[in-house]
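Engineer: So the sequences go chain by chain: A and B.
For reference, each letter of the first sequence is one residue, going 41 to 348 in the numbering used here.
For reference, each letter of the second sequence is one residue, going 35 to 301 in the numbering used here.
If you are wondering where the hints come from, they were derived from the structure by calculation, not from laboratory data.
Any given hint could turn out to be false.
Pairs of lysine-lysine, DSS-like flavour, derived with a Cα cap of 27 angstroms [stated by the list, open to error]:
#1 K250(A) <-> K75(B)
#2 K227(A) <-> K250(A)
#3 K273(B) <-> K250(A)
#4 K157(B) <-> K231(B)
Computed far set for chain A versus chain B, every beta-carbon distance over 10 angstroms [as the list claims (entries may be wrong)]:
#5 D63
#6 F95
#7 L100
#8 P175
#9 A236
#10 E238
#11 M240
#12 Q246
#13 K250
#14 V251
#15 P254
#16 A255
#17 T331
A virtual CB, placed ideally from N, CA and C, is assigned to each residue, including glycine.
Here is what each chain is made of, one letter per residue.
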Amino acid sequence: MTAGNTKIASDQYDRRTMDWYIDKFMQLLMFVCGISAIIFIISIFVFITIEGLDFVIHDLDIGEFFTSQYWSPSDEDDPEYGILALIAGTASVTGLAMVVAIPFALGTAIYIGEFSTGKKRESLKVLVELLAAIPSVVWGFIGLSIMNPLIIKVFDVPVGLNVLNAGIILGLMAAPIMTSIAEDALKAVPDSYREAAEAMGATRWQVIFKVVLPAAKNGLLGAVLLGVGRGFGETMAVLMATGHSVNIPHSIFDSVRALTATIAAELGETAVGSPHYGVLFTIGIFLFLITFLINLTADLVVRGVRKG
Amino acid sequence: MNQASHNVAQKSTDKYAIHTTNLNLWYGTFQALFNVNLNIKDGIITSLIGPSGCGKSTFLRSVNRINERLGYVRIDGSIDVRGQNIYAKNVEILQVRKQIGMVFQRPNPLPISVRENILFGHKIHRSGKVSSRSEQDDIVESALRTVLLWDKVKDQLDRKATELSLEEQQKLCIARLLPVKPSILLMDEPCSALDPKGTEAVEELIWELRGDYTILIVTHNMAQARRASEECIFMLMGKVIEHTATEDMFVTPKNSETADYIEGRYG
Numbered sequence: 041m042t043a044g045n046t047k048i049a050s051d052q053y054d055r056r057t058m059d060w061y062i063d064k065f066m067q068l069l070m071f072v073c074g075i076s077a078i079i080f081i082i083s084i085f086v087f088i089t090i091e092g093l094d095f096v097i098h099d100l101d102i103g104e105f106f107t108s109q110y111w112s113p114s115d116e117d118d119p120e121y122g123i124l125a126l127i128a129g130t131a132s133v134t135g136l137a138m139v140v141a142i143p144f145a146l147g148t149a150i151y152i153g154e155f156s157t158g159k160k161r162e163s164l165k166v167l168v169e170l171l172a173a174i175p176s177v178v179w180g181f182i183g184l185s186i187m188n189p190l191i192i193k194v195f196d197v198p199v200g201l202n203v204l205n206a207g208i209i210l211g212l213m214a215a216p217i218m219t220s221i222a223e224d225a226l227k228a229v230p231d232s233y234r235e236a237a238e239a240m241g242a243t244r245w246q247v248i249f250k251v252v253l254p255a256a257k258n259g260l261l262g263a264v265l266l267g268v269g270r271g272f273g274e275t276m277a278v279l280m281a282t283g284h285s286v287n288i289p290h291s292i293f294d295s296v297r298a299l300t301a302t303i304a305a306e307l308g309e310t311a312v313g314s315p316h317y318g319v320l321f322t323i324g325i326f327l328f329l330i331t332f333l334i335n336l337t338a339d340l341v342v343r344g345v346r347k348g
Numbered sequence: 035m036n037q038a039s040h041n042v043a044q045k046s047t048d049k050y051a052i053h054t055t056n057l058n059l060w061y062g063t064f065q066a067l068f069n070v071n072l073n074i075k076d077g078i079i080t081s082l083i084g085p086s087g088c089g090k091s092t093f094l095r096s097v098n099r100i101n102e103r104l105g106y107v108r109i110d111g112s113i114d115v116r117g118q119n120i121y122a123k124n125v126e127i128l129q130v131r132k133q134i135g136m137v138f139q140r141p142n143p144l145p146i147s148v149r150e151n152i153l154f155g156h157k158i159h160r161s162g163k164v165s166s167r168s169e170q171d172d173i174v175e176s177a178l179r180t181v182l183l184w185d186k187v188k189d190q191l192d193r194k195a196t197e198l199s200l201e202e203q204q205k206l207c208i209a210r211l212l213p214v215k216p217s218i219l220l221m222d223e224p225c226s227a228l229d230p231k232g233t234e235a236v237e238e239l240i241w242e243l244r245g246d247y248t249i250l251i252v253t254h255n256m257a258q259a260r261r262a263s264e265e266c267i268f269m270l271m272g273k274v275i276e277h278t279a280t281e282d283m284f285v286t287p288k289n290s291e292t293a294d295y296i297e298g299r300y301g
C-alpha cells in the first residue's frame with residue numbers, strides 16, 4: 041500500500057467539523073438537562089426552607105409544634121400551632137391505606153409475575169400502569185360521592201368522610217405503583233431458583249412462598265415504603281375523603297385532617313409572611329423531609345437486593 | 035439396531051431403572067427427540083454424549099418432567115421408571131420429581147442457609163408431619179457426609195449457600211436431593227461450571243454414589259464420560275445412535291458417526 045507513505049497534511053488532525061461542534065453542543069445540553077432535576081429539587085427545598093425558616097427560628101415552639109394537638113393558627117388572640125392531630129391524621133390514613141394496599145399489590149404482583157404469561161401478562165401490566173395514572177381528584181371524587189354514602193349505609197355511622205374512607209381510597213391509589221415495583225422485584229429473582237425448587241417437586245405455591253418471596257423481600261419492602269411515601273404526600277384525595285376535621289382518631293370512623301390537606305386548604309387564605317403562612321411552610325419542610333427519607337430508604341433497600 | 039439387541043436380550047422392563055418406548059418430543063413445532071428407545075440399567079452410571087443440540091439434555095430433562103415448566107413441550111411415547119410410566123395420566127408430577135432428582139449445569143443452591151437447602155426437599159415432602167430438630171440435624175449431617183462436604187461446612191450450616199465455592203455449591207445441590215430418597219439422579223453437565231480440581235472432586239463423588247443410585251449424566255467432556263461412567267449413550271440430531279458399555283464405545287465403536295465424534299472430527 042502506498043497510503044502509508046503519503047504525507048498527512050499538517051492540518052488534517054486538528055480540523056473541527058460540523059459534527060464535532062454538534063457533538064460538543066449536544067453533550068453540554070444533555071449535561072444541563074441531567075443536572076436540572078437536582079437543581080430543581082435543591083431549589084424547592086431552599087425555597088420552602090427560606091419561607092418557613094424565619095418562623096421556625098423566631099416564633100415557633102418546636103416542642104408545642106410536635107406535641108400539641110390544638111391547631112388554630114387563624115385565631116387572632118391566641119393562635120395555636122400543634123400538628124400532633126394532623127400527624128395522627130396522616131399516619132392513621134396512611135396506615136390503613138397500607139393494610140388495604142399491601143395484600144392487593146402483592147397479590148397482583150405475584151399473579152402477574154409468577155402465573156400469567158404472554159399477552160395476558162402484558163395487558164395486565166398496562167392496566168396496572170393505567171390505574172396509577174388516574175388523577176387524585178378523581179379518587180377524591182369517588183371518596184366523596186360513592187364511598188361516603190356507602191360507609192354511612194353499611195356501618196350505620198353519621199359521617200362517611202373518615203379514616204376508613206380515605207384509607208381505602210389512598211390504598212387503591214398506592215396499590216398500582218406498589219404492584220409495579222413489587223413485580224420488578226419478583227422478576228429480579230433468578231429463574232434458576234424456581235427451576236431448582238420445582239425440580240425437587242415443590243408446588244407452585246411452595247416455590248413462591250419459600251423461594252421467590254424470601255429472595256425478593258428487599259424489593260418488596262421497597263415497594264411498601266414507596267407506598268408509604270405516596271400516602272404521606274398525597275393531598276387532594278385525602279382532603280376530600282377524610283372529613284378534614286382536626287382530630288386524633290379513636291376509631292376508623294372518626295374524621296381526621298392530614299398535613300398535606302391542611303397546607304392545600306389554608307395556604308390560599310393566609311397573608312404572605314404572617315405566622316400562619318410561616319407555620320404552613322414549616323409543615324411543608326417537615327413533609328419534605330419525611331417523604332425524602334422514606335424514598336431514600338426505599339431506594340437503598342431496593343438497591344441492596346440488586347447487589348446481594 | 036443396538037437397542038434392538040438389548041430388547042431381545044432382556045424382555046422384562048422392570049429390571050431397568052429407565053425404559054423408554056418410542057419417545058418423541060417437540061418444542062412447539064421443532065422436534066427435538068426422535069423415537070428414543072433406551073434401557074438404562076439400575077444402579078450404574080450411564081453417560082449421555084453427543085454434540086450440542088443433539089437432544090441429550092432434552093432427554094435428561096424429560097425424565098423428571100422438568101421440561102414441562104416451559105409450557106410448549108409436547109411428548110409422545112413413554113418413559114417407564116421402575117416399571118411405571120411417568121407420563122401416565124394418573125401420575126402426579128411432584129412425586130416424579132421427588133423420585134428422580136436433578137442436578138443442573140450451573141450450581142443452583144437456593145439463597146437460604148446450607149442447612150435449609152438440605153432440608154428443603156424434606157420439608158416440602160413430609161406432608162404435614164413435623165420432624166424434630168434432632169431428626170433434622172441427622173438428615174443434614176448424613177446428606178452432607180454422603181457428598182463429602184460435612185467436614186468443610188459443619189461449622190457454617192447457617193451460612194448462605196450461595197456464598198460457598200462453586201464446587202461446594204454443586205456438592206450441596208447433590209446433597210439436597212438425598213433426604214427424600216430418590217432412586218435416580220439426573221445430572222446435566224454437573225462439572226462444566228467448575229475448575230479442574232472441582233471437576234475431579236465432583237466426579238469422585240458421583241463415582242461414590244454409584245450403586246446406591248442410578249445415575250444418568252450428560253457430559254460434553256469425552257474424557258469424563260470415559261472415566262466416570264459404566265455405560266455410554268451417543269446421541270445425534272435427536273436420535274440414539276449407540277448405547278453400549280463405555281469401554282466398548284471408546285475402544286471399538288460400532289457406528290462410524292460415533293467413531294467420528296469420539297475422535298473429535300465434529301462436535
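Engineer: Would you list, in rising numerical order, the hints stated earlier that this structure does not obey?
Structural biologist: Structure breaks hints 1, 3, 4, 9, 10, 11, 12, 13, 14, 15 and 16.
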